[in-house]
Amino acid sequence: MQCPKCRGNMRTYERNGVHIEQCDNCRGIFLDYGELETLTRMEAQWHAAPPPPPPAAHGPGWGAPHGGHYGHHRQRSWVNMLFSS
Amino acid sequence: MTLEEQLSTLAERYGGRGEPEWAVTRTDVLVVRRGEVVVKAHSQRDDPAELALRVRAAASAPLHGLMLAPLCEEVLRVAGRAVTVWPAGRPVSPDDLAAAPWEEGARLLAGLHAVPLTVLPPLPAAGGPARAARAVARLTGQSAQERLVRQAYAGLPEPQPLPGLLTHGDWHLGQLVRRDRWLLIDVDDLGVGDPAWDLARPAAWYAAGLLDPRSWERFLGAYLAAGGPALGEGDPWRRLDLPARTLTVQLAALALDRAKREGRELDETEQSLIEACGRIVGLQRSLR
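Chains A and B, in that order, are what the protein sequence lines are.
So for the first sequence, my numbering puts the first residue at 1; every next one is plus one.
So for the second sequence, my numbering puts the first residue at 1; every next one is plus one.
Treat the hints with caution; some may be incorrect.
Cβ-to-Cβ under 10 angstroms is the rule here; a few derived chain B residues that face chain A [said to hold, decoys possible]:
no., residue
1, 2
2, 3
3, 10
4, 14
5, 47
6, 99
7, 130
8, 131
9, 192
10, 209
11, 216
12, 248
13, 254
14, 257
15, 275
Residues on chain B that point at chain A, a partial pick, calculated with CB under 10 angstroms [to be verified]:
no., residue
16, 18
17, 19
18, 22
19, 114
20, 118
21, 119
22, 137
23, 140
24, 144
25, 229
26, 232
27, 272
To list a few chain A residues with every Cβ distance to chain B over 10 angstroms, as calculated [to be verified]:
no., residue
28, 15
29, 17
30, 21
31, 24
32, 77
33, 78
34, 79
35, 82
36, 84
What the hints contain is simulated information worked out from the structure, not anything from laboratory work.
Backbone N, C-alpha and C define an ideal beta-carbon position, used for all residues, glycine too.
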């Protein structure tokens, strides 16, 4: 198929069951009859979907990246901190 | 007689035998143990009238099994200092942190927070927020680290108003002793406040990468499983975030103050707190 705008070659892609023709030259996109409606419907479903559950509450945004290096916190000051005001 | 001698004599009068053992927990507080009796001379900063209310609360029936009850319900005066008398208990061992009673501490806090204020003598505000303010106010130097800590404190948002609950006010592993069971000790900051502050110090340690996730989850999990009311429903960090940020700033301020007095650089543990303050400031900047 030739691009109706620039006469470039159009390539067919499939995205989630929708056929899309895209021009290799001008990157323009051609949709078949009904495909715009399909995309609109999929977009609406996306917006209506319940929000994904919050990520497991592992810590605050300002928390340290936890890399499991706690073993060498045997310092006296760490032990003191655990036990004092 | 010196204050020390008078405290030691007082411990004996309450049945304490054996050589006095002195514990210096803070520079402004003096604690002596003689056998089964502990006598504490409180900070001159503590308001004796408020302390009396707190001691009375610890002696009251609703706190039985949660907080250590005093041997004497009154606050005594010794050499101008407010003094309280307590039965001795076995503290948490610092040598075996893997066996630290995180769950027991969490369950005691959950029980404390659930005590209705109406069954207690009237209580002052819990001491947590004031502690943080004092720690930062002591930090008057102009080093980059001190400026960072002050900046982190200044950028903390206003707390959401919440109904106050019974709150320990200064919880850490040193605030547990074992008698026939584990009990909370230290009434100095006990009062009405946001109970999330009692979880905020372990939360701050965890967020600074100091407390291992396993211990943190043991503590938090036990608190939630015991029905602790401090964190509401859903993400526990929603209520923990602000008090944990504040405790991070407080701990960093104390670390800087101590290092300065001892004329040394921060060690790795203390440095982790400064780095956490850096991340707090970064986050506050990105939200502005």
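Item to check | Hint numbers not upheld by this structure, sorted from lowest to highest | outcome: Of the numbered hints given earlier, those the structure breaks are 1, 2, 3, 4, 5, 6, 7, 9, 14, 16, 17, 18, 19, 20, 21, 22, 23, 24, 25, 26, 32, 33, 34, 35, 36, listed in rising order.
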